[in-house]
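Student: Residues per chain, in single letters:
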Amino acid sequence: MARMKFLCDEERCIECNACVTACKNEHEVPWGINRRRVITVDDGLPGEKTISVACMHCTDAPCMAVCPVDCFYTTDEGVVLHDKDLCIGCGYCFYACPFGAPQYPQQGAFGARGKMDKCTFCAGGPEEDNSPAEFRKYGRNRLAEGKLPLCAEMCSTKALLAGDADVVADVFRERVVRRAGNDNPDLNRRRQGNPWGWETAYKDSR
Amino acid sequence: MMWRKTALRKGFLVMLSLLAACYEDPYDVTLHEAHVYKGGEDVHHAAAAWQNDQLRKRFREVQTDR
Chain A
659 MARMKFLCDE ERCIECNACV TACKNEHEVP WGINRRRVIT VDDGLPGEKT
709 ISVACMHCTD APCMAVCPVD CFYTTDEGVV LHDKDLCIGC GYCFYACPFG
759 APQYPQQGAF GARGKMDKCT FCAGGPEEDN SPAEFRKYGR NRLAEGKLPL
809 CAEMCSTKAL LAGDADVVAD VFRERVVRRA GNDNPDLNRR RQGNPWGWET
859 AYKDSR
Chain B
2 MMWRKTALRK GFLVMLSLLA ACYEDPYDVT LHEAHVYKGG EDVHHAAAAW
52 QNDQLRKRFR EVQTDR
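Chains as they are written, first to last, in this note's numbering: chain A, 659 to 864; chain B, 2 to 67.
No wet-lab data here; the hints were simulated from the structure.
Careful, some of the hints might be misleading.
Said to hold, decoys possible - With a cut-off of at most 27 Å between alpha-carbon atoms, the simulated BS3-like pairs for lysine-lysine come out as follows: (1) B:K39 / A:K742; (2) B:K11 / A:K682; (3) B:K39 / A:K773; (4) A:K682 / A:K805; (5) B:K6 / A:K795.
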């Protein structure tokens with residue numbers, strides 16, 4: 659069985675935000691929620707890097723581990739989804755997620771949190787495939803139609819890849835091998851820093 | 002005086018019999034397994050094998066390098 663994953667190639671991302679727009683449009687995401695975001699690391703500095711981030715559908719998902727009502731599940735394709743009928747909007751998953759994927763619509767006065775919303779890898783939710791209820795709560799179910807997430811399909815530079823982890827890894831490996839002989843210092847990750855990784859996330863923690 | 006005592010005793014017995022149905026069985030509780038998904042089942046119409054092939058084909062068509 660395939661294990662679905664996202665991968666964003668920081669050497670290719672041009673910060674066009676087409677993935678963000680495509681996602682919002684496809685799923686009619688409510689105002690104030692971005693299931694996908696484009697972030698720039700070391701903005702304005704030489705060697706800045708841009709990456710597109712959403713739920714990474716972790717194999718051992720921390721959101722799933724901390725949920726007090728156990729509303730998360732993993733599909734056969736390895737996509738982490740949740741049941742909005744069970745979600746109580748406690749926010750634990752928001753604090754547990756290292757990617758800031760879970761988000762909450764503001765409902766009512768005093769900024770009360772609604773049900774958690776996050777990227778579904780265009781796989782909908784537990785409701786019947788492509789039913790109005792599923793679309794209303796989770797957005798379109800493209801996987802059931804044999805399509806991949808629109809953010810990745812829309813990406814003009816093919817920076818964002820979404821699909822079976824083995825196939826995605828093969829594509830990325832080929833790219834890395836092709837870049838290996840390039841003398842461009844911008845492509846020297848060791849010197850410029852890697853946007854994915856411990857050093858970038860926590861800087862010099864000593 | 003005597004009839005009041007009898008009435009009180011009878012009332013007490015009636016109350017006891019009524020409350021007898023309100024006991025709580027300490028073993029009759031719903032225990033939830035931690036970290037086990039509690040929501041509805043996600044049923045897919047498409048066969049897993051078909052969907053797998055379709056998604057691989059789609060990836061090659063749409064996302065491979067130009």
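Student: Quick check: which numbered hints come out false for this structure?
Tutor: 2 and 5
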